[in-house]
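K.L.:
Once you have looked at the hints, place chain B on chain A.
Taken in order, these protein sequences are the chains called A and B.
Just so we're aligned, residue 1 is where the first sequence starts under this note's numbering, counting upward by one.
Just so we're aligned, residue 1 is where the second sequence starts under this note's numbering, counting upward by one.
These aren't lab readings, by the way, just hints derived from the structure by calculation.
Mixed in with the good hints there might be a few duds.
List of simulated lysine to any residue pairs, SDA-like, C-alpha gap at most 25 Å [unchecked claim]:
no.: 1; chain 1: B; residue 1: Lys132; chain 2: B; residue 2: Gln221
no.: 2; chain 1: A; residue 1: Lys99; chain 2: A; residue 2: Pro25
no.: 3; chain 1: B; residue 1: Lys161; chain 2: A; residue 2: Pro25
no.: 4; chain 1: B; residue 1: Lys161; chain 2: A; residue 2: Val37
no.: 5; chain 1: A; residue 1: Lys118; chain 2: B; residue 2: Lys159
no.: 6; chain 1: A; residue 1: Lys39; chain 2: B; residue 2: Lys132
no.: 7; chain 1: B; residue 1: Lys150; chain 2: B; residue 2: Asn46
no.: 8; chain 1: B; residue 1: Lys123; chain 2: A; residue 2: Gly185
no.: 9; chain 1: B; residue 1: Lys159; chain 2: A; residue 2: Thr30
no.: 10; chain 1: A; residue 1: Lys39; chain 2: A; residue 2: Lys99
no.: 11; chain 1: B; residue 1: Lys272; chain 2: B; residue 2: Lys159
no.: 12; chain 1: B; residue 1: Lys159; chain 2: B; residue 2: Gly84
no.: 13; chain 1: B; residue 1: Lys159; chain 2: B; residue 2: Val81
no.: 14; chain 1: A; residue 1: Lys39; chain 2: B; residue 2: Leu195
Keep in mind the model is a prediction, meaning the values are calculated, not measured.
These are the residues of each chain, in order.
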Amino acid sequence: MRKLAGVYLGAVAAAAAVFGCATMPTDAQTSARAAAVLKASFRANGQAGLDRLDQDDTQQACTQYAGKTPPKDVAERIEKTNLESIVWPGDGKYLGDWKNGERIAQEGRGKQYSDDPKGPVGGNCYACHQITPQEVSYGTIGPSLYQFGKLRGYSDTMRKYAYGKIWNADAYAACSNMPRFGHSGILTQQQVKDVTALLMDPESPVNK
Amino acid sequence: MPAMIRRAAVRAAFCVGATAIATTACAQTSAVDEIAKYRAALQDGNPAELWEARGEDLWKTPRGPGKVSFATCDLGLGPGVVKGAYAQLPKYFADADRVMDLETRLVWCMVKQQGYSEADATKNPFGGPGQKSDIEALVAYITSESRGVKMNVAMDHPKEKEAFALGEKMFVYRGGTHDFACQTCHGEDGKRIRLQDLPNLMTVAGAQKAYTTWPAYRVSQGELRTFQWRLNDCFRQQRFPELIFTSDASIALTMYLARNANGAVFDAPSIKR
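Looking at chain A on its own, in the form it has when it is part of the complex:
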């Protein structure tokens, strides 16, 4: 009987814990619980450590407003902090080699736990964008970049914008779907310059 009573009290305590004193968990509580459960559900593998589940301020804010446009002040804060963190070329030259840029745009490997950590790391730009007209296997998550420079003009301002956008897309559009290639250390500065050239070099097939 004592044991039964203990079981009964335990059940009540468990129920109270589940229901949080008979109220539904708040949205913030559910988010916190989801993050905790997520972190307990992965194991480190190769180059992908568990620290990849730790969010920086931008990731956290964008998760909070997922599926909705963040409020204006939040969006401005995200864009400001990301813009300030961009590492600009010391020599003021934003354009590298567009041919190399094309290889980087095609390369889908890099940063997956199944990838050789010493192997190539690409931008996989074609996964989401149309770029050169020769490549018909392109995705549509991002806008077409065909004739990127030709349509916008080859000004220094536009070169700088293209470089900055590839380095850190959230600096110009808070919570963009696009990875922050330079900021997050996916591509090197030279690689970012090469991809910028693919979009902005008048000789690139993108602008033909």
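P.N.:
Chain B alone, transformed into the frame defined by chain A:
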């Protein structure tokens, strides 16, 4: 498949339009048409049947240290009942006090009823070259017994509600080197990655269309792939660490997607590129 895309692309290159933009649009349409034809051709005979047959044997044969079959394993509709079971999973199981998807329930039965250790029951969830997975075969058989059944995932128990709510949150969780969430690729209608169509899994129509076609025989891999595998490989491409087989997150995400697929007719194992 890559060879197929290349052939389609070569053929598409001969598709001439008046302007460069027209040429591109024309090439796109042809390549996509060719891939649609390829997919249609695949539907004629599905090697998944081999996995289904092996899974049926595994289900009915006494196995493990306990030498018992799955006849006592309750997938939610009573001990040993397979018909229609997958279409009502994941669900809360009182004996385990946990919401479980099919794979998690199978592991539970293997441990509690057949006497396997947890490590042995979970050591080979996904097959590879020269390494067959019993879990994949069992899943192929059990899911095939729900073909034609309407998805009917309950959300009555508080833990079922909790799993759905957590899965919904996890779906939009941004992380990793690339800031990707599930939502990045699966949150808008009509998008593609390269030439691959992406379902919008945040809509009922998108979840219904996608969820009811897994598991699938993947031609490019020569393997029958389960929904646990689908989630695991999505996270790999998302640049996350490795999703643990039958983890709480895997079940919560499955709950979110399966529940949203309610009302649609289950139609798998299917065949995919």
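K.L.:
List in ascending order the numbers of the hints, as given earlier, that are violated by the structure.
P.N.:
Structure breaks hints 2, 5, 6, 8, 10, 11, 14.
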